[in-house]
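All chains, full assembly: derive it from the sequences and hints.
There are 4 protein chains.
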Amino acid sequence: MSKGTVVLAYSGGLDTSCILVWLKEQGYDVITYLANIGQDEDFEAAQKKAESLGAKKVFIEDLRAEFVEDFIWPAVQANAVYEDRYLLGTAVARPCIARRQVEIARREGAHFVSHGATGKGNDQIRFELTCYALYPEVKVSLLYESGILENPKSRAPADLYLMTKNPEDSPSVPDVLEIEFKNGVPVKVTNVKDSKVTSSPLDIFSYLNDIGGKHGVGRIDIVENRFIGMKSRGIYETPGGTILLKAHLDIETFTMDKEVRRIKQGLGIKFSELVYNGFWDSPECDFVRHCITKSQENVEGKVQLSVFKGQVYILGRDSPTSLYNEELVSMDVQGDYDPCDASGFIRINAVRLREHHRLQGLSSTKQ
Amino acid sequence: MSKGTVVLAYSGGLDTSCILVWLKEQGYDVITYLANIGQDEDFEAAQKKAESLGAKKVFIEDLRAEFVEDFIWPAVQANAVYEDRYLLGTAVARPCIARRQVEIARREGAHFVSHGATGKGNDQIRFELTCYALYPEVKVSLLYESGILENPKSRAPADLYLMTKNPEDSPSVPDVLEIEFKNGVPVKVTNVKDSKVTSSPLDIFSYLNDIGGKHGVGRIDIVENRFIGMKSRGIYETPGGTILLKAHLDIETFTMDKEVRRIKQGLGIKFSELVYNGFWDSPECDFVRHCITKSQENVEGKVQLSVFKGQVYILGRDSPTSLYNEELVSMDVQGDYDPCDASGFIRINAVRLREHHRLQGLSSTKQ
Amino acid sequence: MSKGTVVLAYSGGLDTSCILVWLKEQGYDVITYLANIGQDEDFEAAQKKAESLGAKKVFIEDLRAEFVEDFIWPAVQANAVYEDRYLLGTAVARPCIARRQVEIARREGAHFVSHGATGKGNDQIRFELTCYALYPEVKVSLLYESGILENPKSRAPADLYLMTKNPEDSPSVPDVLEIEFKNGVPVKVTNVKDSKVTSSPLDIFSYLNDIGGKHGVGRIDIVENRFIGMKSRGIYETPGGTILLKAHLDIETFTMDKEVRRIKQGLGIKFSELVYNGFWDSPECDFVRHCITKSQENVEGKVQLSVFKGQVYILGRDSPTSLYNEELVSMDVQGDYDPCDASGFIRINAVRLREHHRLQGLSSTKQ
Amino acid sequence: MSKGTVVLAYSGGLDTSCILVWLKEQGYDVITYLANIGQDEDFEAAQKKAESLGAKKVFIEDLRAEFVEDFIWPAVQANAVYEDRYLLGTAVARPCIARRQVEIARREGAHFVSHGATGKGNDQIRFELTCYALYPEVKVSLLYESGILENPKSRAPADLYLMTKNPEDSPSVPDVLEIEFKNGVPVKVTNVKDSKVTSSPLDIFSYLNDIGGKHGVGRIDIVENRFIGMKSRGIYETPGGTILLKAHLDIETFTMDKEVRRIKQGLGIKFSELVYNGFWDSPECDFVRHCITKSQENVEGKVQLSVFKGQVYILGRDSPTSLYNEELVSMDVQGDYDPCDASGFIRINAVRLREHHRLQGLSSTKQ
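Protein chains in written order, with our numbering: chain A, 1 to 367; chain B, 1 to 367; chain C, 1 to 367; chain D, 1 to 367.
Misleading hints may appear alongside valid ones.
Copies of the same chain are indistinguishable here, so a pair counts whether it falls within one copy or spans any two.
Cut-off 20 Å, straight-line C-alpha distance, at most; resulting in silico cross-link-like pairs (PhoX-like, lysine-lysine) [as the list claims (entries may be wrong)]:
(1) Lys-3 / Lys-24
(2) Lys-182 / Lys-153
(3) Lys-214 / Lys-165
Since the hints were made in silico from the structure, they are not lab data.
Listed below in structure tokens is the structure:
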């Protein structure tokens, strides 16, 4: 008699294949589930392998479009960066994958979910928190895989990178792109050189990954702080995400009020920490996302940039909702702006500084 | 009879020469003061020009070492970046220049200071706030120069950049550097290729400017929010600062506790805003600098990086005070770390998420 | 010929009467405007006085309901307190009054507004920022009144308080109220003793002012930091606001997720600073208000409290959207909660602390 | 043969007596440890009981002075309040008690510590995190006690309060105190009525507890969010702490620069969360405490206040380091302050607001 049904997040690799076999040996029925979020994988081979190992059902789910629209776009709006450097690629993938897994488990009446994420890493936490949040009664069966001993001093091997060319070998001529934003997300990308245009979210993101990858954009080698408090080394490549971060930062500062931007910057840091720690599906992350989305209402316009040898250079920007006022900023046009006002502004700001100085003078006299 | 003495921050250029003449015509004695903070300038020619225009005294002050040690190093410790992109080069120069100007004014018994900074810009504010903070009774005489009408859509002309090569024309072979930090500031830079070593603050900063400039590092084209609330376009180049920011971020995350880092990140953002707005000499900036300095006590070690085509790539890091624990992070070595603890940690973190879900279920049932 | 029309915020007192006369002498037509936001004032007498002094038109506007609903309620939702103590009574009144004044000026074709707020105070700033924000082309004509020299050491005279009884003379029997909230604002107040019920916003606020005043609630004597950087002493009484703050804090913590609360607490502090500084009508205050309103969606339920001798004591609370779970928190019911999870949670939280200790041990060994 | 030695935090009550017996039955040697932090307890009786139950050694440690100086004073400096209401009395006691327990364990060669704190509460976490932080190799043996089912709707029974009188029964004549601060901590308390003076930290804190208790100050009934994410009800009384919080807030705002205060306020909130969650002995809490201590350098002077019927009323303050400037704030003395500056200050602050309005106008025209 079966102990129940497990939905296993299956990769087709050795680790999760072992888990599949082991779960069957323990007396469970196993449904394997493989999410396609755009990774380079032979999905058909994985399906056959799962079936041959005794999976009761095999689900291969194309999540590419919803991954871009529901998970990457909010991260773009937030300028999401963890600890000033990590663009959270894997971190936003995890709740996307787990969300569908929970849907399958509910639909198939499975009370268990399983995954191959490691016991010391963040991915286990991200996976399980999402499962508990969306399916509180679920049970998680665990298993642990092995990793490689990392010395943060040694250089990363060159063949580690899959999506990006080595900048030393990348083209010696830049690509120039125009990215159009609406509500803080890209709605159209035009390659100025060959006039190629992409406009659906998935197409845009794939295309920027291609262009960024071709020019070696978005490689980082960092030591990061995991949620559980230990430091670990991470080697990441985020070609499309890096282009979008730079472009979005530019159009956002161009169109958003200065003080709204400042508050939103704090919310973006909070969002990044929440996503990194696995709290995508939490009341606070819902709340922060809502606030960030609100802040993006006027973030629209076009950014021109060039992509070259691992770098992204902003060339210019234009927007119907810009708060940039050429006349106001110009020194030739006086307009409404009275220089006396600036002097008054400065003197009022100095009131406090002078008082502080006065007090320091008094206290040094006393001594 | 003289109306009094003015100490004028003099550049040798047209604008401040006009101010010099005008001040004399108004009946002031004028002392010119020219600060050398490392800019490319013919100081001798400027001195002669000032004398020929009737300056009573001419001061040319070499502030290069104190600029690096007292102003740039604290910015490096803070990872100072304004609005996520601007590295605050000019912003940290201004209080350095004004501080000496105030010293000269006090020493020479001058009650007035003057400068050529523009009326709509930040530099006027930075200059004057420092003067009022350090010499509360001082009077500032103002004058305004003209700027160029800026369209944020048009590309910046290539000849705008003075310190950095165009990355398209930069060397096709990287330089590899090892930067050693102590207390969060660089104490030694070694070029791995030619074994060149620099070790005084001024030498280190000049050398990194050279290397960064040669490889086209640190160019940005941004729209920023000025203190007075208007948006303006800025084209900046910060070759040495960009290398230091990347290296410091790396060694800091490697050696600093996660939660201290998080608090310090917030203080660094605050520091950047204060410096941008001209509040270097304020009680709050003193306080923030003190806290940031405290946080850097264990920030030491070596970072290896390559500089190439406008980019800086971290290659590895090593430190005697690292909080990175190879054994702890390894999957092969279990050590103290019990996988059950992680499950408990996750389930406790999920308590709140499940409660939230439960409540949402109740409220949707009710409706 | 008239120089134009001024809308003057008129109080009926000496200062603004002088301004009225002076403006007429300068050749302006003057429209007086007196806002009723619930203060104790003889509006009819003020009207006659303005007419007799030559006001072209006299507007007396009953803003009491919109003051409570549009200005006080958002402050209640925010738990708005400036510098930990000041409940911002006057600060929220100012934009309410200026908003209507600007409406009148636009409607009457007046290009000028005027007020009697002092030149060193916050009220001038609050008033004028609102005017500029809502009517950018408006011109403000100024005039300054005198205040009283304040020694922060001397006690405030007892007759300074208008709304609140001295707690020493207040009733020796408490009143017990039940306040019902919906979306974070009070919708019904019941006096448990005499069963009196109030339910419109204006009635609720007036009633709480009465009850609070009767029991001497909400008096404070503080030194505060004005926007312009100087410290000033303030003696305030906010009887109704104090009761609402305590009740709202209670029902909010009872019904709001812990981490949402934490983020919202930061937004509330920001909101308080913005309101204090006069930025009610600013993009950032709009944004913060929007976020805070969002956070209040589930803030509903009833709070019981007693009001007695200057204090408010929370007695209990109840809510259909509470996140309080009696079973979960109980020690008798184990339920889903496994004590092992808590141990795991603690040990994972200690990973970082132990590493820190290990490093400190190493560094002390070295020395 | 013994399994080893356990140091047990012993209260003399039923729960920890059971743990003592159970540990002996399991084969451990048990050392009991009872900390005197000022609670009302028969220490001699507890000692006898522990001995009679078979404790190998009995330690009764008077921690009263170090509790006040090392734990309460930093909390006073921080204005430590959790979730806007809870003054963290128990939370600061826990690391104080655990610190000595760890010292005893190390000295006595014990590898185990134990306590009677409950499995669902914060105290377990606070206790254990301190032990792991200060004695990483220690092992914690656990046991769980029972609590009482709490309904947050029902009123707290009157006999729950041990230190404070019911305000309804408290004296009808206030006590008036003058509290003198230096470096942000109280150094002297004078009762204005009877001229009684106290000056050592322990005497000051005990005396303020007496006076506050006599007048019913510092009772709260709240629902709070525990670290582990569940909500629980707490009934607390903090008579001395409440008086100190009010007095410290007052002298701090009087003497501290506005912007330093704002940054320090954020650090104080962080400190409160850390202490509540049990992270007193952590690198981030060390860091925050250091920063807060730095901010208190000029926080000195005298505060006069009255204590009456559950309330504390500030009456006045005086300080040699005050930043309050009577001349500057006065309306009669113009001094350095030019009204034109205020107008300029306001108009510059309005630049951004007007731009925003202009843009909104444009966008509404378009539609």
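Here is what the structure says about each hint:
no., hint, verdict
1, Lys-3 / Lys-24, "within (10 Å within a copy, 41 Å between copies)"
2, Lys-182 / Lys-153, "between (43 Å within a copy, 18 Å between copies)"
3, Lys-214 / Lys-165, "within (6 Å within a copy, 23 Å between copies)"
Of the numbered hints stated above, none is contradicted by the structure.
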